[in-house]
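Enquirer: Letter by letter, the chains look like this.
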Amino acid sequence: MDIIELIFTVGFWTAAVRMATPLIFGTLGELICERAGVLNLGIEGIMTFGAMIAWMWVYQGGDLYSAILVAAIAGAIFGVLHSGLTVYLGVSQHVSGIGITLLASSASYFIFRVMLPNVTTPPKIESFEPLAIPFLSGIPFIGPVLFEQTIITYFAFVLIPMFSYLLYRTPFGLAVRMVGENPMAVEAQGIDVLMLRTVAVAFGSALMAIGGAFLTISVFDAFYFGMINGRGWICVALVIFASWKPGKAFLGTILFAGFDALQIRIQQESGIGIPYQFFLMLPYLLSIAALILISRKAAYPKALLVPFRKGER
Amino acid sequence: MSGANAIAGPVLEIRGISKRFGALQANRDLTFSLDRGEVLALLGENGAGKTTLMNILFGHYVPDAGEIYFQGKRLPQGSPAASLGLGIGMVHQHFTLGENLSVLENVLLGTESLFRLSQDNKTARDKLITLSERFGLRVDPDRLVAELSVGERQRVEILKALYRDVEVLILDEPTAVLTPQESVQLFSALRNMVAQGMSIIFISHKLAETFEIADRVVVLRRGEIAGVFDTEATSEGALAHAMVGRDLPKLDRRPAKPAEAIMTLRSVSVRLAEENNLHDISLELKAGEVVGIAGVSGNGQRTLTDLLGGNLTATSGELVLEGRLITKASPREFIEAGVARIPEDRHEVGIVGEMSIPENLIIESYRDSEFQRGGWMRGRQIAQYAKSLCDTFDIRGSGEAQQAKELSGGNIQKLILARVLNKRPRLIIASQPTRGLDVGAQSQVHQRLLDAKQSGAAVFIVSEDLEELFALCDRLHVMFEGRLSESIPIEQANIDDIGLMMTGKVIRSSGRAA
Amino acid sequence: MRLERRQGVPIAVRLALPLIAIAVALALCSFFLLWAGTNVGQAYLSLAKGAFGSRFALTETLTRATPLIFTGLAAAVAFRAKLWNIGAEGQLYVGAMAITFFGTGLVSLPPVLMVPFLFFVAIVAGGLLLLISTVLKTWLRVDEVVTTLLLNFVVLLFVDYLLFGPWKDPMALGWPQAARIIEEGRLAGIVPRSRLHTGVLFALGAACLVWILMRYTRWGFEIRAVGHNIKAAHFSGIPVKWAVMRTALLSGGLAACAGVTEVAGTKGYLTVDISPGFGYTGIAVAMLAGLNPLGVIGAAIFFAGIYNGADSMSRAMNVSNYIADVITATALLSMLVCSLLVQYRLRRD
Numbered sequence: 008m009d010i011i012e013l014i015f016t017v018g019f020w021t022a023a024v025r026m027a028t029p030l031i032f033g034t035l036g037e038l039i040c041e042r043a044g045v046l047n048l049g050i051e052g053i054m055t056f057g058a059m060i061a062w063m064w065v066y067q068g069g070d071l072y073s074a075i076l077v078a079a080i081a082g083a084i085f086g087v088l089h090s091g092l093t094v095y096l097g098v099s100q101h102v103s104g105i106g107i108t109l110l111a112s113s114a115s116y117f118i119f120r121v122m123l124p125n126v127t128t129p130p131k132i133e134s135f136e137p138l139a140i141p142f143l144s145g146i147p148f149i150g151p152v153l154f155e156q157t158i159i160t161y162f163a164f165v166l167i168p169m170f171s172y173l174l175y176r177t178p179f180g181l182a183v184r185m186v187g188e189n190p191m192a193v194e195a196q197g198i199d200v201l202m203l204r205t206v207a208v209a210f211g212s213a214l215m216a217i218g219g220a221f222l223t224i225s226v227f228d229a230f231y232f233g234m235i236n237g238r239g240w241i242c243v244a245l246v247i248f249a250s251w252k253p254g255k256a257f258l259g260t261i262l263f264a265g266f267d268a269l270q271i272r273i274q275q276e277s278g279i280g281i282p283y284q285f286f287l288m289l290p291y292l293l294s295i296a297a298l299i300l301i302s303r304k305a306a307y308p309k310a311l312l313v314p315f316r317k318g319e320r
Numbered sequence: 141m142s143g144a145n146a147i148a149g150p151v152l153e154i155r156g157i158s159k160r161f162g163a164l165q166a167n168r169d170l171t172f173s174l175d176r177g178e179v180l181a182l183l184g185e186n187g188a189g190k191t192t193l194m195n196i197l198f199g200h201y202v203p204d205a206g207e208i209y210f211q212g213k214r215l216p217q218g219s220p221a222a223s224l225g226l227g228i229g230m231v232h233q234h235f236t237l238g239e240n241l242s243v244l245e246n247v248l249l250g251t252e253s254l255f256r257l258s259q260d261n262k263t264a265r266d267k268l269i270t271l272s273e274r275f276g277l278r279v280d281p282d283r284l285v286a287e288l289s290v291g292e293r294q295r296v297e298i299l300k301a302l303y304r305d306v307e308v309l310i311l312d313e314p315t316a317v318l319t320p321q322e323s324v325q326l327f328s329a330l331r332n333m334v335a336q337g338m339s340i341i342f343i344s345h346k347l348a349e350t351f352e353i354a355d356r357v358v359v360l361r362r363g364e365i366a367g368v369f370d371t372e373a374t375s376e377g378a379l380a381h382a383m384v385g386r387d388l389p390k391l392d393r394r395p396a397k398p399a400e401a402i403m404t405l406r407s408v409s410v411r412l413a414e415e416n417n418l419h420d421i422s423l424e425l426k427a428g429e430v431v432g433i434a435g436v437s438g439n440g441q442r443t444l445t446d447l448l449g450g451n452l453t454a455t456s457g458e459l460v461l462e463g464r465l466i467t468k469a470s471p472r473e474f475i476e477a478g479v480a481r482i483p484e485d486r487h488e489v490g491i492v493g494e495m496s497i498p499e500n501l502i503i504e505s506y507r508d509s510e511f512q513r514g515g516w517m518r519g520r521q522i523a524q525y526a527k528s529l530c531d532t533f534d535i536r537g538s539g540e541a542q543q544a545k546e547l548s549g550g551n552i553q554k555l556i557l558a559r560v561l562n563k564r565p566r567l568i569i570a571s572q573p574t575r576g577l578d579v580g581a582q583s584q585v586h587q588r589l590l591d592a593k594q595s596g597a598a599v600f601i602v603s604e605d606l607e608e609l610f611a612l613c614d615r616l617h618v619m620f621e622g623r624l625s626e627s628i629p630i631e632q633a634n635i636d637d638i639g640l641m642m643t644g645k646v647i648r649s650s651g652r653a654a
Numbered sequence: 005m006r007l008e009r010r011q012g013v014p015i016a017v018r019l020a021l022p023l024i025a026i027a028v029a030l031a032l033c034s035f036f037l038l039w040a041g042t043n044v045g046q047a048y049l050s051l052a053k054g055a056f057g058s059r060f061a062l063t064e065t066l067t068r069a070t071p072l073i074f075t076g077l078a079a080a081v082a083f084r085a086k087l088w089n090i091g092a093e094g095q096l097y098v099g100a101m102a103i104t105f106f107g108t109g110l111v112s113l114p115p116v117l118m119v120p121f122l123f124f125v126a127i128v129a130g131g132l133l134l135l136i137s138t139v140l141k142t143w144l145r146v147d148e149v150v151t152t153l154l155l156n157f158v159v160l161l162f163v164d165y166l167l168f169g170p171w172k173d174p175m176a177l178g179w180p181q182a183a184r185i186i187e188e189g190r191l192a193g194i195v196p197r198s199r200l201h202t203g204v205l206f207a208l209g210a211a212c213l214v215w216i217l218m219r220y221t222r223w224g225f226e227i228r229a230v231g232h233n234i235k236a237a238h239f240s241g242i243p244v245k246w247a248v249m250r251t252a253l254l255s256g257g258l259a260a261c262a263g264v265t266e267v268a269g270t271k272g273y274l275t276v277d278i279s280p281g282f283g284y285t286g287i288a289v290a291m292l293a294g295l296n297p298l299g300v301i302g303a304a305i306f307f308a309g310i311y312n313g314a315d316s317m318s319r320a321m322n323v324s325n326y327i328a329d330v331i332t333a334t335a336l337l338s339m340l341v342c343s344l345l346v347q348y349r350l351r352r353d
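Protein chains in written order, with my numbering: chain A, 8 to 320; chain B, 141 to 654; chain C, 5 to 353.
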């Protein structure tokens with residue numbers, strides 16, 4: 008089957024939508040952090056921890072839905088930690104984020120190992136099954152692709168318009184957009200800048216953790232080391248690529264996931280030809296290429312990376 | 141203006157406010173009151189503590205001691221939300237606007253509860269338009285702030301406060317960024333507001349406008365009240381004396397003896413982006429004279445100083461430095477040719493805050509064999525050099541290891557001057573050289589520039605302060621939208637005409653505005 | 005609550021800072037140990053013994069510290085210039101690949117030349133890798149955090165390909181490893197019956213050289229100025245672009261040296277797991293050292309001790325040795341907070 012035919016199969020697009028799901032959560036999560044002026048490099052670690060804790064919750068007997076909530080709360084806690092360091096104390100956002108990634112990843116591996124000390128093959132859980140939406144899933148082609156996904160993917164679909172609405176049509180969203188441009192403007196209108204940024208970062212981190220949880224409780228059924236595999240960093244690149252706009256972020260994640268799905272298929276089809284490692288490199292190289300294209304004109308939020316020191320002029 | 145509207149009982153009472161920042165006592169035991177319907181000027185030189193006090197009133201800072209009463213009620217401290225809630229608004233000197241958002245969004249921010257799930261844009265828009273017409277402050281609600289001129293941005297800043305139905309409005313140096321004509325418009329809007337029942341506190345360091353707009357004046361000096369005056373009952377001299385507390389040394393200024401041209405620009409244009417471009421600039425800077433650029437900031441001055449300082453390359457035209465044609469900018473080349481640059485942003489561009497005073501003093505010349513040999517820095521020579529410069533230029537720090545960012549604004553400026561003037565430059569490019577400095581430091585800087593002119597340097601000054609330009613310059617250009625007017629000898633310059641030119645009106649040789 | 009700058013912090017406090025941070029980190033991580041059901045005191049004692057408690061432990065710790073000194077220097081140099089090099093892991097492997105290419109038989113020189121030659125090719129390789137991200141940053145404004153990180157994954161995949169493919173040593177009985185580095189290129193052992201090799205001496209030397217460079221040379225001056233305030237540096241005529249590129253070559257080169265010590269010293273041949281995250285730990289090393297090259301030595305030894313100690317502690321007390329990574333991360337964050345509290349005081353408003 009050659010590539011052109013591949014792109015027109017239902018299976019391909021179903022996989023693409025599925026693979027886009029964690030990216031949607033991760034990218035929107037990072038997007039709101041950066042819009043508020045805070046770079047959150049903890050994303051890779053937070054997604055890892057979200058994956059682990061959701062899986063562990065289900066493994067220990069919890070139900071799948073509350074697992075999502077648990078992951079979100081865990082993510083929010085890391086977000087508050089990051090915010091405490093960078094927003095309240097004004098520590099370097101780069102280093103704090105990397106520290107959080109290291110902490111969240113190592114904590115997830117440690118906790119996993121302590122609770123399951125002697126396993127060589129990661130045990131599996133009963134994960135979300137694809138849920139066909141009646142009537143809509145009957146539509147030819149689009150039906151199975153969009154409406155026979157798992158519940159977290161449906162959340163992702165709903166998240167995108169809700170997120171846009173939140174950002175552009177509510178007072179909170181306006182405040183978030185402003186605090187990333189000119190925090191002094193927000194302070195001068197009587198809003199607590201530090202608290203606002205913390206809420207934004209906590210919310211974004213919760214989304215990131217849900218993105219990670221998706222991988223364990225909806226796709227792979229198991230938690231294994233290194234499963235996030237750089238997807239968090241790719242989300243950071245996608246945010247820049249999307250010019251910090253949710254609509255563009257969605258397009259970016261679909262494009263990227265499509266490319267990723269394509270790369271996997273080609274790998275499977277191509278037989279002896281090119282070693283599979285080169286295919287696996289493509290997502291990362293593609294992200295770098297996307298950044299090269301977009302970065303010169305990128306309009307970063309003006310107050311990104313600048314700590315707000317109350318009462319300092 | 142005020143007498144008829146003033147109702148008995150002060151609308152605002154400030155009692156015993158004190159505030160310290162580290163070693164600096166910014167406000168010491170300040171007490172005064174504001175009557176309803178009055179315009180009160182808070183006058184003082186830079187660093188006197190006016191902005192600190194108003195920041196306390198508006199809630200940006202918490203005072204160490206003292207209280208504020210608004211209409212008899214105690215004002216909760218440290219909360220802009222509380223101040224706004226009671227009816228106190230502030231127009232900041234550095235506008236608190238988000239450039240990439242629209243006027244309406246900037247005004248709306250914070251006016252609705254953050255828990256609301258929707259925004260009422262329509263009501264907001266109507267209210268904004270009504271307000272802007274009522275007070276004569278026209279703006280388009282849907283334009284992005286980034287597209288507005290400085291005067292328009294200030295209108296948005298004022299409308300933000302009016303939208304909140306404030307009764308007391310604080311304005312922090314509002315005319316610093318306006319042309320004389322725009323200032324007139326502002327004052328008429330203020331009078332309008334007072335007529336409708338508002339009370340105003342107006343921070344300034346300019347005497348003339350204080351007399352024009354204020355009913356009473358509170359003079360601050362070094363954090364303390366130096367006097368409270370009725371404008372009808374006092375004089376400029378009395379206010380000036382209260383502000384400064386002593387007589388200023390007169391500047392030693394002698395007539396210019398222009399010699400050879402150090403730098404010439406011929407039909408230079410610079411295209412950067414949407415704004416801040418230069419169009420067809422021609423300029424000649426000769427040794428032994430001071431040339432000034434008047435103009436509202438944002439008309440290309442920064443581009444011009446970057447160009448003259450070697451930080452920017454011209455898109456077209458010719459730039460001749462010491463007889464040589466320069467085609468590509470290189471700060472180092474300009475520095476080595478004897479161009480001294482005094483940047484507008486002292487902290488951001490003029491010094492590396494985290495490095496020491498000696499390191500900042502050699503930052504332009506660290507490559508000289510005096511300071512390094514074969515790559516190795518010569519620590520002892522650098523220290524000696526720094527010591528001699530600190531003595532000569534009166535730079536006061538607390539030790540060799542101190543980070544430059546801990547110095548006061550005046551000392552930072554002296555450091556920058558020491559760095560560049562010590563090398564006997566041929567050309568000095570000074571951008572807002574005394575902004576934010578107290579009168580004593582200002583005077584020192586001015587004298588150094590004049591001394592440099594006497595020694596045969598060409599001096600070029602860009603300043604928003606017309607008084608400063610008139611005090612120092614031999615001739616002036618006016619800058620507007622990236623173009624320069626013709627050179628105007630200082631004897632023939634007239635403040636009103638210059639003001640008109642700053643707004644873009646061309647003056648014909650007959651003296652009438654076009 | 006707000007932060008107020010402190011005036012005049014005594015030098016003794018500054019020097020004690022890393023120790024305070026470490027104490028805080030160990031205290032916080034004791035909660036993890038408690039949760040795992042371990043006796044905290046015994047655990048830390050076991051960790052200390054495993055780290056420094058015997059001749060063998062000491063040599064192991066120093067062996068492990070060697071690559072950490074290099075990656076710590078790499079991070080310290082780069083971060084001083086505000087070049088966020090998170091790609092030390094990839095640069096390490098690129099250095100390892102370079103010496104595998106040249107050092108498994110292609111080139112043969114007497115040992116006194118071979119070893120420096122191998123370091124040289126590694127430094128060039130690592131420097132060039134980081135230079136890619138740096139050029140993208142300097143000329144195209146591409147954020148180097150993301151590119152250096154993503155390149156790590158690319159490099160590791162490439163190593164995977166080489167080791168399962170063209171570089172697979174046929175004499176290795178099916179294990180994915182490359183051919184051995186030739187004798188002349190090996191870093192000699194310096195303590196008998198231990199794994200400690202001359203790499204540690206190279207690392208110590210490098211730390212001293214970097215310290216001298218940053219403090220006493222013109223290039224160090226430029227790098228520091230650019231790192232603190234790039235606008236002011238540019239305004240004053242410092243050639244900013246060249247300073248950043250020099251920094252990149254130095255930082256990438258240092259990280260690559262970690263690849264040399266592991267392949268030519270500790271192991272003798274390239275494998276996929278030659279680095280259990282030395283590149284990332286190097287960041288924690290640099291931060292704990294306050295970005296000071298000499299401090300990197302102490303910080304590297306400390307973290308090496310933690311990892312070493314955790315290995316033996318996990319054997320003795322059945323606690324996952326991932327606790328070492330947790331301690332590392334906590335120490336990094338704790339150091340950030342402590343550094344800040346030294347400069348600023350928290351004031352209630």
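Take the hints with a grain of salt, since some may be wrong.
[Said to hold, decoys possible] When the alpha-carbon atoms are kept at most 27 Å apart in a straight line, the in silico DSS-like pairs for lysine-lysine are as follows:
no., chain 1, residue 1, chain 2, residue 2
1, B, Lys545, B, Lys397
2, C, Lys86, A, Lys304
3, A, Lys309, C, Lys86
4, C, Lys86, B, Lys545
5, C, Lys235, A, Lys255
6, C, Lys235, B, Lys545
7, A, Lys252, A, Lys304
8, A, Lys309, B, Lys545
9, A, Lys309, A, Lys255
10, C, Lys245, B, Lys468
11, A, Lys304, C, Lys245
12, C, Lys235, A, Lys304
13, B, Lys468, C, Lys53
Rather than coming from a laboratory, the hints here were simulated on the basis of the structure.
Enquirer: Next step is simple, just say for each hint if it's right about the structure.
Expert: Comparing the hints with the structure gives:
1. Straight-line distance between C-alpha atoms of Lys545 (chain B) and Lys397 (chain B) comes to about 38 Å, which puts the hinted pair past the 27 Å bound.
2. Distance check on the hinted pair: Lys86 (chain C) and Lys304 (chain A) sit about 21 Å apart at the alpha-carbon level, within 27 Å; holds.
3. Of the supplied pair hints, the one linking Lys309 (chain A) and Lys86 (chain C) holds, its CA atoms being roughly 18 Å apart against a limit of 27 Å.
4. Of the pairs offered as hints, the one joining Lys86 (chain C) and Lys545 (chain B) holds, with about 19 Å between alpha carbons and a cut-off of 27 Å not exceeded.
5. Distance hint between Lys235 (chain C) and Lys255 (chain A) is unfulfilled; the C-alpha atoms sit about 32 Å from each other, more than 27 Å.
6. Pair hint Lys235 (chain C) plus Lys545 (chain B) holds up; C-alpha atoms about 15 Å apart against a cutoff of 27 Å.
7. Under the criterion of a C-alpha separation no larger than 27 Å, the hint pairing Lys252 (chain A) with Lys304 (chain A) is consistent with the structure, at around 15 Å.
8. At roughly 23 Å between alpha-carbon atoms, Lys309 (chain A) and Lys545 (chain B) fall within 27 Å of each other, so this suggested pair holds.
9. Between Lys309 (chain A) and Lys255 (chain A) the CA atoms are separated by roughly 19 Å; this keeps the pair inside 27 Å, and the hint holds.
10. Taken as a hint, the Lys245 (chain C) and Lys468 (chain B) pair is honoured in the structure, with Cα atoms around 16 Å apart against an allowance of 27 Å.
11. Between Lys304 (chain A) and Lys245 (chain C) the CA atoms are separated by roughly 19 Å; this keeps the pair inside 27 Å, and the hint holds.
12. Restraint check for Lys235 (chain C) and Lys304 (chain A): the C-alpha separation of about 19 Å stays at or below 27 Å, so the hint holds.
13. Of the supplied pair hints, the one linking Lys468 (chain B) and Lys53 (chain C) is violated, its CA atoms being roughly 64 Å apart against a limit of 27 Å.
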